[in-house]
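K.L.:
Could you put the whole structure together from the sequences, leaning on the hints where they help?
Number of protein chains: 2
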Amino acid sequence: MLPIFRVQEEDAVRIRPDDLRLVVQAVFEGVGVEPDDAKLGADVLVTADVRGVDSHGVSNMLRNYVQRIRDGVVKAQPDWKVIAEQPSTATIDCDTGLGIMIAPKAMAMAIEKAKQTGMGAVTMRNANHSGMISYHAMLALPHDMIGMAMTAAGPQVLPTHGAVPRVGTNPIAVAAPAKHMHPFVFDIATSIVAANKLQLAKRLGTPIPGNFLADKDGRILSEPGLLPAEYQLLTMGGTRELGSHKGFGLSMTIDIMCSILAGAVPSGFSGRGPANHFVAAYNIAAFTDVEEFKERMDWYLAEMEATPPAPGQERVMTPGQEEAEMEVERNAHGIPLHREVVAWLDEICAELAIPRRW
Amino acid sequence: MLPIFRVQEEDAVRIRPDDLRLVVQAVFEGVGVEPDDAKLGADVLVTADVRGVDSHGVSNMLRNYVQRIRDGVVKAQPDWKVIAEQPSTATIDCDTGLGIMIAPKAMAMAIEKAKQTGMGAVTMRNANHSGMISYHAMLALPHDMIGMAMTAAGPQVLPTHGAVPRVGTNPIAVAAPAKHMHPFVFDIATSIVAANKLQLAKRLGTPIPGNFLADKDGRILSEPGLLPAEYQLLTMGGTRELGSHKGFGLSMTIDIMCSILAGAVPSGFSGRGPANHFVAAYNIAAFTDVEEFKERMDWYLAEMEATPPAPGQERVMTPGQEEAEMEVERNAHGIPLHREVVAWLDEICAELAIPRRW
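As given, the protein sequences belong to chains A and X, one line each in that order.
What the first sequence shows, in my numbering, is residues 77 to 434, in sequence order.
What the second sequence shows, in my numbering, is residues 77 to 434, in sequence order.
The hints are simulated quantities; they were obtained by calculation from the structure and are not laboratory data.
For every residue, glycine included, the Cβ atom is placed at its ideal position computed from N, Cα and C.
Be aware that one or more of the hints could be misleading.
[Claimed, not checked] Capping the alpha-carbon separation at 30 Å, the derived lysine-lysine pairs in DSS-like fashion look like this:
1) A:Lys157 - X:Lys191
2) X:Lys255 - X:Lys191
3) A:Lys255 - X:Lys157
4) A:Lys191 - X:Lys115
5) X:Lys278 - A:Lys370
6) X:Lys191 - A:Lys181
7) X:Lys255 - X:Lys157
8) X:Lys278 - X:Lys255
9) A:Lys370 - A:Lys278
10) X:Lys255 - A:Lys157
11) X:Lys370 - X:Lys191
12) A:Lys191 - X:Lys191
13) X:Lys181 - X:Lys191
14) A:Lys370 - X:Lys157
15) X:Lys370 - A:Lys181
16) A:Lys370 - A:Lys181
[Said to hold, decoys possible] In silico negatives: residues of chain A with every beta carbon more than 10 Å from chain X:
17) Val149
18) Arg391
19) Arg415
[What the hints assert, rightly or not] According to the in silico footprint, chain X covers these stretches of chain A (three or more CB under 8 Å from chain X):
20) 94 to 106
21) 114 to 122
22) 178 to 185
23) 253 to 264
24) 365 to 378
25) 397 to 411
P.N.:
Here you go:
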C-alpha cells in the first residue's frame, strides 16, 4: 500500500490484535451473527489490520457491515445453499450473507475437492462483502495448495474510454506457500486503487497522483491534487496507453467467473447490492513434488527480492513481503487505529454493553 | 492493439488466409514437423493474423520458429509426456517442443477432465513459444466451457523498482462463449506491451508513449519518443503509482503456475530458453445453466459496448470485439503482410521447393 494511505502515528491509538478480535467478535454477535461466524468475521477483519491492509480492516469495514445488517440489506444468519456440484466444482447461493463468513466455507469445499481430484473451484452468488480477498486464498496454504479468490462488486469503475461505471473494483488474490520464506500473497484491485483506500486518503487529507481518477464526465484527471468532491475510478493502468484496457478486461473476466458462471447478473450492472465471489484451490502434490515446490518458492522469492534496484529506488519487493513484515511489527506493537475509529468502537461497545479492552 | 503497431497499407501485400495457411504448413513440414502438427501450427499463426494480432502472426513468429528448429533449440518432433495426472489435473514435460503444437493437446486433456469433474488444468514445462495465447483458451468455446491459458517466458521485463529483468512478458488469456455475440476473448501481456509489438514499432518507425519503457539502468523513460537502441520493458501500469506492481505480481503468479507448479525453474530466471505454459477449462454446465449463461453473456457484452463514451472518445470496446471485427475484414480482404515479410516467405519457399500461392 502506498504510504499516503496510512494513518499518521500522531492520530493513532495502538490496540493489541487479540483485544480487537474479541471486541469485533462481540460486536458481530451483538447484531445477531452466530458465535462461530462472528469469530470468523473478526479474524478476517483483524488479519487485514495485522497485515497492514488498513483499507480492509476494522476501521473501514466494521461500521459498514453493522449498518448493512441493521438495515436488513445483509442477513446476519443467512441460509446459504450449494445449488450445483460436481467432483471438482460447486455453486453456492449465499442468501445475502457476508462473504467474509461464507467464502472461508466455500474455500474449505474447494480444498476438499482438490484433495480428491487435484483442484477445486466454488462460485458464490448473492453474497455480500468478502473483506481482504487474500484471506480466503491464504486458507489453502496450510494444505500445501495454491489458493485463489476473486470478488465481483457493484459498479464503481469506468470501462476504458467510458463515461459511466460498469465494473467493480473487482479484486483477485493468489497465495502460494514457501518453505522458510513468507508465502507469496498477491492481492490487488483491478481498479487503479481500492475504493476503500480513497476513503482513507480523504480522512487523511493526502494528495492523489495524476491519471488516477476521472471527473464526473469520464475525463481523466491528469494532474495530481486533493481528492475532488466528485470523481470516478479508473481501471489499473489509468490511461489506455499504459494498459487500462488490461485492468478493464481482467475486471470483466472476474465478473464472468463470479457472477455469470454462478447464474447471476454481473455485479457491474446490479447496483450497489450483492457481491459475488469465486475461490479455487490447486493441490500442489497433484502436479509436482511438494517439497521441491516449496524450496523453489523460497529461492524464487529470495532471488527476486535481491534484484538490484533502479537508480533512486530502495528495493524490489515481492507480493506478500510487506504484509509479512507488517505482521511482525503489529503483532508486537499493536494495530494503529485512527482516534475517530476508536471513538466509534467505544460508542458501539457502550450501546451493545460490550466490555472495552483498552 | 494500438494503431501504431499496425503495418501501413502502402507497405503491405494482402494474402488470402487459406493460401497463407497452406504455405506456413508446408514451411513447418519442410523443417521436419509432422504433417498434423504442421497444420496445427499454421492454424495458430494464421488465426492470429486473421484476428489482427499481427505481433503474434506469421510476420513475427514463423522466421523465429524456423530458425530455432534449425538451431536445434526447438525439437520439430518432440517426445512430450504426461508426468503426473489426477482426475482434474495433469503435468506435461514438452521435451522442448513448440507450445503452439502441444498446448492445444493439453487443452484437449483439460476439456476432457472438465467434462468428467467440472474443470481441468494442465501445466506444461520445458516447452517453447505458444503463439497467440488466446488460441488455446478459445479451444474451450465449442464445448461450452470457459478456457484459460498462460505462458511464462524468459526474463524481458523489470520488476517494479528493479534494474534487471526478472519476469517475462507472461501473457494470460480467458475466453468465454456468448450465444449470438462474439465470444469474450481477453488476451494480454502482463508487461505494458508485448515485446513482439515493439519489433513491429521498430520496423514501422512509430513513436513510443512516455512511461512505456525504462533505460538500460532501469530509469523510467517518462517522455514519448522513438524506440531507443537500448531499453527495458516495464510491467503493465508503467509506474508504481499507476499500478506496475499489479502487473509484476500477476507476472510472478503466472511463472509460479506455469513453471514452479510444473516442477521447473521459473522462466524469469532461466535465460531465453524454454517457456512454460498452463491451460484450464471450466465446464459451464457444472456450475449453472448453459443457455442462460450464454444469453447473459450476449446481454453483458452488448450493454458494455453501449456504455456512453467519455468526452473525446469514440466507443467502449470489450475484449475480443476488435478481433471479431477484424476476422470479418481479413477473411474478406486478406491479411496485410509487410513486403519485407513476403520477400522472406518467397525466399524460404524457393529454398524448400514450396509452390508460392500469390
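K.L.:
For each hint, tell me whether it holds in the structure or not.
P.N.:
Hint-by-hint comparison with the structure:
1. A:Lys157 - X:Lys191: holds (24 Å)
2. X:Lys255 - X:Lys191: holds (20 Å)
3. A:Lys255 - X:Lys157: holds (29 Å)
4. A:Lys191 - X:Lys115: Judged against 30 Å, a Cα distance of about 39 Å means the pair is violated.
5. X:Lys278 - A:Lys370: Judged against 30 Å, a Cα distance of about 41 Å means the pair is violated.
6. X:Lys191 - A:Lys181: holds (25 Å)
7. X:Lys255 - X:Lys157: violated (36 Å)
8. X:Lys278 - X:Lys255: violated (40 Å)
9. A:Lys370 - A:Lys278: violated (41 Å)
10. X:Lys255 - A:Lys157: Within the cut-off at roughly 29 Å; holds.
11. X:Lys370 - X:Lys191: holds (18 Å)
12. A:Lys191 - X:Lys191: holds (19 Å)
13. X:Lys181 - X:Lys191: holds (16 Å)
14. A:Lys370 - X:Lys157: Roughly 24 Å separates the two Cα atoms, so the pair holds.
15. X:Lys370 - A:Lys181: Holds, because 28 Å separates the two Cα atoms, which is no more than 30 Å.
16. A:Lys370 - A:Lys181: holds (26 Å)
17. Val149: Per Cβ check, Val149 of chain A is outside 10 Å of chain X; nearest 24 Å; holds.
18. Arg391: Violated, because the least Cβ-Cβ distance between Arg391 of chain A and chain X comes to about 7 Å, which does not exceed 10 Å.
19. Arg415: Nearest chain X Cβ is 29 Å from Arg415 of chain A, so the label holds.
20. 94 to 106: violated (count 0)
21. 114 to 122: violated (count 0)
22. 178 to 185: Result for this restraint: violated, n = 0.
23. 253 to 264: Per the Cβ count (3), the hint holds.
24. 365 to 378: holds (count 6)
25. 397 to 411: violated (count 0)
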